[in-house]
Amino acid sequence: MTDGEQDNDADVRRHQRAVDIKDITLENVRLGKISADDVTIRRETLLQQARTADAEGYPQLARNFRRAAELTALPNDVLLGAYEKLRPYRATYSELLSLSQEIAARYDAPETGDYIRQAAEAYRDKGLLKLDVDPA
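Here my numbering is used: the first residue of the sequence shown is 1, the next is one more, and so on.
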């Protein structure tokens, strides 16, 4: 790890509230002592993991970490909507392609967009798409 990477790691940790793992309990959540922000992984942390995986020769793992980092920018309703559309028979090929383009462009998530496009192609090949029904 270079000095720059160490500085980046320190910067990422500096912006996070330090919560001891033993303090993350249901009771503390109920009391408001622990918030979702305390247990949410950060984009920067995932990108650092991707850099480490790449450096160690694990390109597929690095790609997964980069996709996960991209997903941190998606609002929950968009993420859950994408998840729903990626279930078999829930979306047409064109709906999945549109979703891939929207996520890539609107949320600066090119790897996630590519992943959805690949899923659309695989679903088409396996017959797992919702049929286009002409309402006329």
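One thing to keep in mind: the hints can contain errors.
What follows is a list of derived Cβ distance ranges for each label pair [stated by the list, open to error]:
1. K33 x R106: 34 to 42 angstroms
2. L131 x I24: 23 to 31 angstroms
3. L61 x R106: 23 to 31 angstroms
4. Q101 x G127: 22 to 30 angstroms
5. D125 x R30: 44 to 52 angstroms
6. D125 x A36: 16 to 24 angstroms
7. P88 x T25: 16 to 24 angstroms
8. T25 x N76: 18 to 26 angstroms
9. A18 x P88: 21 to 29 angstroms
What the hints contain is simulated information worked out from the structure, not anything from laboratory work. Quantities reported herein were computed from a predicted structural model and do not represent experimental measurements. Note that beta-carbon positions come from the ideal geometry of N, C-alpha and C, so glycine has one too.
Any hints from earlier that this structure breaks? Give me their numbers in increasing order, please. The structure conflicts with hints 2, 6, 7 and 9, although it agrees with all the remaining ones.
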